[in-house]
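Novice: Spelled out from the first residue to the last, the chains are:
Protein chains: 4
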Amino acid sequence: MSIGILTSGGDCPGLNAVIRGAVIKGDRIHQVSFLGIRDGWRGLVEDDIVPLPRHDVRGISRAGGTILGTSRTNPFEHGGIERVREVMAARGMTGLIAIGGEGTLTAARRLADGGIPVVGVPKTIDNDLSATDYTFGFDTAVSIATESIDRLRTTAESHHRCMVVEVMGRHVGWIALHAGIAAGAHAILIPEVEVSIEQICGWVENARDRRRAPVIVVAEGFVPSGEEHLHAPRGLDAFGRPRLGGIGERLAPQIEAITGIETRAATLGHLQRGGVPSAYDRVLATRFGTAAVDAVVEKRWGTMVSLIGTDIELVDLHSATTVLKTVPLERWDEAAILFG
Amino acid sequence: MSIGILTSGGDCPGLNAVIRGAVIKGDRIHQVSFLGIRDGWRGLVEDDIVPLPRHDVRGISRAGGTILGTSRTNPFEHGGIERVREVMAARGMTGLIAIGGEGTLTAARRLADGGIPVVGVPKTIDNDLSATDYTFGFDTAVSIATESIDRLRTTAESHHRCMVVEVMGRHVGWIALHAGIAAGAHAILIPEVEVSIEQICGWVENARDRRRAPVIVVAEGFVPSGEEHLHAPRGLDAFGRPRLGGIGERLAPQIEAITGIETRAATLGHLQRGGVPSAYDRVLATRFGTAAVDAVVEKRWGTMVSLIGTDIELVDLHSATTVLKTVPLERWDEAAILFG
Amino acid sequence: MSIGILTSGGDCPGLNAVIRGAVIKGDRIHQVSFLGIRDGWRGLVEDDIVPLPRHDVRGISRAGGTILGTSRTNPFEHGGIERVREVMAARGMTGLIAIGGEGTLTAARRLADGGIPVVGVPKTIDNDLSATDYTFGFDTAVSIATESIDRLRTTAESHHRCMVVEVMGRHVGWIALHAGIAAGAHAILIPEVEVSIEQICGWVENARDRRRAPVIVVAEGFVPSGEEHLHAPRGLDAFGRPRLGGIGERLAPQIEAITGIETRAATLGHLQRGGVPSAYDRVLATRFGTAAVDAVVEKRWGTMVSLIGTDIELVDLHSATTVLKTVPLERWDEAAILFG
Amino acid sequence: MSIGILTSGGDCPGLNAVIRGAVIKGDRIHQVSFLGIRDGWRGLVEDDIVPLPRHDVRGISRAGGTILGTSRTNPFEHGGIERVREVMAARGMTGLIAIGGEGTLTAARRLADGGIPVVGVPKTIDNDLSATDYTFGFDTAVSIATESIDRLRTTAESHHRCMVVEVMGRHVGWIALHAGIAAGAHAILIPEVEVSIEQICGWVENARDRRRAPVIVVAEGFVPSGEEHLHAPRGLDAFGRPRLGGIGERLAPQIEAITGIETRAATLGHLQRGGVPSAYDRVLATRFGTAAVDAVVEKRWGTMVSLIGTDIELVDLHSATTVLKTVPLERWDEAAILFG
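Residue numbers (our numbering), protein chains in the order written: chain A, 1256 to 1595; chain B, 1256 to 1595; chain C, 1256 to 1595; chain D, 1256 to 1595.
Hints are computed from structural coordinates only; laboratory data are not their basis. C-beta: ideal position from N, C-alpha, C; glycine also. Certain hints may be false.
As the list claims (entries may be wrong) - For each label pair, taking beta carbons as the anchor points, the in silico distance ranges come out as:
| hint | chain 1 | residue 1 | chain 2 | residue 2 | range |
| --- | --- | --- | --- | --- | --- |
| 1 | B | HIS1310 | A | GLU1453 | 37 to 43 angstroms |
| 2 | D | SER1257 | B | PRO1508 | 39 to 45 angstroms |
| 3 | A | ILE1592 | C | SER1480 | 51 to 57 angstroms |
| 4 | A | ALA1591 | D | ARG1425 | 54 to 60 angstroms |
| 5 | D | HIS1426 | C | ASP1368 | 32 to 38 angstroms |
| 6 | D | HIS1426 | C | GLU1341 | 26 to 32 angstroms |
| 7 | B | MET1256 | C | SER1288 | 42 to 48 angstroms |
| 8 | D | GLN1286 | C | SER1480 | 50 to 56 angstroms |
| 9 | C | PRO1583 | D | SER1257 | 54 to 60 angstroms |
Unchecked claim - Straight-line Cα separation of at most 20 angstroms, EDC-like style, residue types lysine to aspartate or glutamate; simulated pairs:
| hint | chain 1 | residue 1 | chain 2 | residue 2 |
| --- | --- | --- | --- | --- |
| 10 | C | LYS1580 | C | ASP1282 |
| 11 | A | LYS1580 | B | ASP1464 |
| 12 | A | LYS1554 | A | ASP1571 |
| 13 | B | LYS1580 | A | ASP1464 |
| 14 | C | LYS1580 | D | ASP1566 |
| 15 | D | LYS1580 | C | GLU1357 |
| 16 | A | LYS1554 | A | GLU1568 |
| 17 | D | LYS1554 | D | ASP1368 |
Claimed, not checked - To be clear about the criterion: a stretch of chain C counts as covered by chain D if any three or more of its residues have a C-beta under 8 angstroms from a C-beta of chain D, and this derived list gives those stretches:
| hint | region |
| --- | --- |
| 18 | 1277 to 1284 |
| 19 | 1309 to 1318 |
| 20 | 1339 to 1351 |
| 21 | 1386 to 1397 |
| 22 | 1537 to 1547 |
| 23 | 1561 to 1574 |
| 24 | 1580 to 1593 |
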């Protein structure tokens, strides 16, 4: 029996621990071997596949990124179910583990609906997948963002500045919420909650009045209420293409203009998704990996591994891919008590 | 209205974030002020109490330890309910937040049973409290242990040695389990599971045969099966008092003698409980702090804040203090697949 | 006897360790007291000065930034020598320790030339001051940049991308050189060395051909040869003011266009100057602080503390402020062997 | 032309960066190939040698330990010069790079004196080699020790304890000196300086009187004056062999007995020598590696690469191996000002 495994979409700390967990448990308990599919769905539809013996996963759970490579290829634009079935048959692949986010899991669900034997592993640095309490990658991202804000704060305090820190989160504000609470931010701005520039400046002034250097954490997808037009292009890049300024860089001059407090923006960007995974993420990813190979062996096609409380459970891929898990207003309210 | 707050028992990363969360929410939302009780129950029975204005909790969630100090004083040995009631009345304290582990919460429960208006916040670096999925401190401890094992492994590999790393956990093996999984240990030894020295050596030889430097993670409370007598004193300390060697230092020479592999022990000790809390612990501790002051205002005496899934809930102090939360065998089995 | 102390210019990890070292040695050995001047020269010319007892410097060497605050005020635009003499006399200040970079030390030198009793402590995160082998802050900046590149590399490798990482260094490339060597960059671009976009792309393709994800480290002051016009404004900011794109963001699309390799830019920015100082910087800064107070007591006006090999020596402020310490071509050549 | 390379003695962060620097520069500039000698001198006298192509050193400068393995084998006990010459001839090895500490470099010197074409690279985590300002590994060790002391301090403060932290340094106190300064220790105890237990307790009480938790940093080779007998065995280990208690564990109960302050000991041990090297060590090690291959190509047999100020120079192996570089008294005096 041979199982294919792929990682798809943006990279995320913990992917390698999932791979390692699945391969070792498959080798030891179920006597199954693994085939490594390179660069996500691309490798599957292009038949770019290599054996993945246990030896090759040695020690990888400490490494960031994914040893299999990743891409954003959509299998349904490259032959779809028929092509996937063909390659799997040619390779003698009797099951497939697809590790990825909303897009990947939606593709996996459609493949499963079409009869492809596939099991999903949820991956989202943004924590935006419903049907699982958390996924790996999120804890590392929050840790890096928190450490970065701790660092930026000392400069802000020395110079009596306001600092606006932009973290990941196009559609949901989980990273901003957790990093903002952990770092003691004076405001946390997320896509889910409407806040005006005036209200932001109120928190900034409040912090300043208590002799603090105001620190604002903003998710990249936040838009101040009444200023949706700010999404319009800001200037041109080196090739004359219109560019969108990040929300952090757009907010900083507005805050400075209104409050008179010197304000700087910092954008953490890719730093949040790379490097050594946190212990939390390694444990969760390892558990996901071993549970996924069990699901394959038990032919639980169309399911996804999931963290519920402290347990790993199998849930239907449909339940995981239909609703975006946004920050509930009460969680933001709970945090907002500490603002300003 | 004035609320007393104390931290008791061993220190733990996140204590300050609980204090900060409670004080700020109390100040802003409930208009209550706080009294800081110094060194746990000692400060309460000795009336060593200071005002704790909001200004004093500024920026403390990033700091390890506790700004209030701590001790292992048991209030029932120093006047008990009568003395506590007397001091609280003299100070105008209408409620009490007690942050601590099993001992502290048991005292809090007895006080509550006796009519003292007290709310508990669970603190255990060992993760051994039932009635809450996790508490703050555990994640930081696991992170530090994991990083340390990552470091120790490179030396073991360069010298072709076996490394035995002793982590905290006198009664339960949660830190060993999580750090061992995260660091890819070749064996995880915990108090809950019987393992013989022969079995340990089997894993060590297995790893060696695959050209790995064997890494064993052992909780301090582990005893090899059939060797309970090893708890007998080992030598004398500088003052002639009998001393107990740690389990790591006891195992290392045995493994070396049986397997012939050079073996060293490292004991992480207090490193695991100090320093900057992880982002995870700061978030959880902050949420516990704000929830605790709500519970006080709502007069939910005799309850404890608790993490259930991703929610903060109130549970009865009785439920929290009667059963030790040990590692279930299936969790260890799940990890043991990766051993050797 | 009372000594004034100020920190001026951009903040830098280690400033607090200088202050602590000077204050404690002054208190214990020389029986001198300190006055803390707030926000650099601003506090001196505006007489914003507070007592700085030993108690206030407790434990601060671990903290980033400066407890005294800082600014970019130039004393010669606010009363100059006369005003400085006046405030010092009024405060009974018999000596002054000025901690800062090229601008600060030039001002200190002019004040010393005019008879003001001042001693300098060199501070430059960029390592651009001659007359000292290193200063504090540089090691922390290099450490953070190196860790960040380590993180970014895993994402680049997973996605088969080229990553351009922009680090500090407007006029000199020391941070880029050291972080680039430490992180194993495939090219290091610094203001001191002319390199064309074609040569950069050659290194990128070379790395790609060996199946590596190319990593380019660029100092913010680098300009590709033949493309000086790129310094022209790029687009407008949120207030319609012209903005300069960073060199990293300008290089990335050019590399992608020429090589066909997907390329992303990351700008580390203020992250490099904040937060907990490295052990190296704390030791050096502490030694600078204790040496500076000795110099004041010995009335060595117009000198600056300096690291020569492993010794702390006093050098003339003139020697420190006339030549920018650039990266010698042979140091870059030595590193360039490892490019591509 | 083929060059042998080996790492010998205790492992040390930066060894891999030396190897990588030498191999890449050899390949690119000098067109020489490398042979990797396994486990130090053992691999040489036992002819356990493998090709070391450039591909094998990819990305290793970030990894702790040594990819070549190490041992404490002395070549003069296994055939000496004749055997070394024989194996080198059989392998076509025209030069040798030996990376190691005092023992390794002494062996290298004797081999060079006997006509073996060898160049040395100094490695000492303890910083005890004369003829070089610093070597790689020391900075990482100091960094880890400093971070650890930062962590331990918070526990000490919360519990109002004294903490004794034992760091590496059997013969010299450099790690203790630097980590002690960086972490703000209240006493630094090193083998080079006589200090009595009474004096130590004086510093401890001093710190306590100023409401600090006393932190003592002690090098493992320190002996309190008048108590040399303390080196006598302390108890028995698990096999009945006499064991020496560490100095930290011996001091703690004495300090507690004399001062009445609860005192704990922590021994950092192997943690200090493993794991990811600091940026400083990676840069220095890379420079050493590239300079060593140059020295081989220029047939500078019997020399060693060395850091003088900021330059890499070649020095005679004799000069490097005759004098132990101890901490000068004035450096300890400089630090002692901040004690207590």
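Novice: Under the criterion that the straight-line Cα-Cα distance not exceed 20 angstroms, is the pair LYS1554(D), ASP1368(D) satisfied?
Specialist: holds (14 angstroms)
Novice: Do three or more residues of the region 1561 to 1574 of chain C come closer than 8 angstroms to chain D, measuring C-beta to C-beta?
Specialist: With 3 residues close enough to chain D, the hint holds.
Novice: A range of 26 to 32 angstroms was offered for this pair. Does it hold for the Cβ distance of HIS1426(D) and GLU1341(C)?
Specialist: violated (56 angstroms)
Novice: May I ask you to test the hint 42 to 48 angstroms on the CB atoms belonging to MET1256(B) and SER1288(C)?
Specialist: Holds: the Cβ-Cβ distance is about 44 angstroms, inside 42 to 48 angstroms.
Novice: Taken at face value, is the distance from the CA of ASP1464(B) to the CA of LYS1580(A) at most 20 angstroms?
Specialist: Violated, at about 46 angstroms.
Novice: In terms of beta carbon proximity below 8 angstroms, does the region 1580 to 1593 of chain C have 3 or more residues touching chain D?
Specialist: That given contact holds, which follows from 3 residues of the region 1580 to 1593 of chain C lying within Cβ reach (below 8 angstroms) of chain D.
Novice: Holds or violated: are the alpha carbons of LYS1580(B) and ASP1464(A) at most 20 angstroms from each other?
Specialist: violated (46 angstroms)
Novice: Can the suggested window of 50 to 56 angstroms be confirmed for the beta-carbon pair GLN1286(D) and SER1480(C)?
Specialist: Violated: the Cβ-Cβ distance is about 29 angstroms, outside 50 to 56 angstroms.
Novice: Take the region 1277 to 1284 of chain C, compare each residue's beta carbon with every beta carbon of chain D, and decide whether three or more fall closer than 8 angstroms.
Specialist: holds (count 4)
Novice: Taking the Cβ atom of HIS1310(B) and the Cβ atom of GLU1453(A), is their distance within the range 37 to 43 angstroms?
Specialist: The hint (37 to 43 angstroms, Cβ to Cβ) is violated, given that HIS1310(B) and GLU1453(A) are roughly 27 angstroms apart.
Novice: Could you check the hint for me, namely that HIS1426(D) and ASP1368(C) are 32 to 38 angstroms apart, CB to CB?
Specialist: violated (49 angstroms)
Novice: Under 8 angstroms between beta-carbons, do enough residues of the region 1309 to 1318 of chain C, three at least, approach chain D for the coverage claim to hold?
Specialist: Satisfied; 5 residues make the cut.
Hint compliance for this structure: hints 1, 5, 6, 8, 9, 10, 11, 13, 15, 20 are broken, all remaining hints hold.
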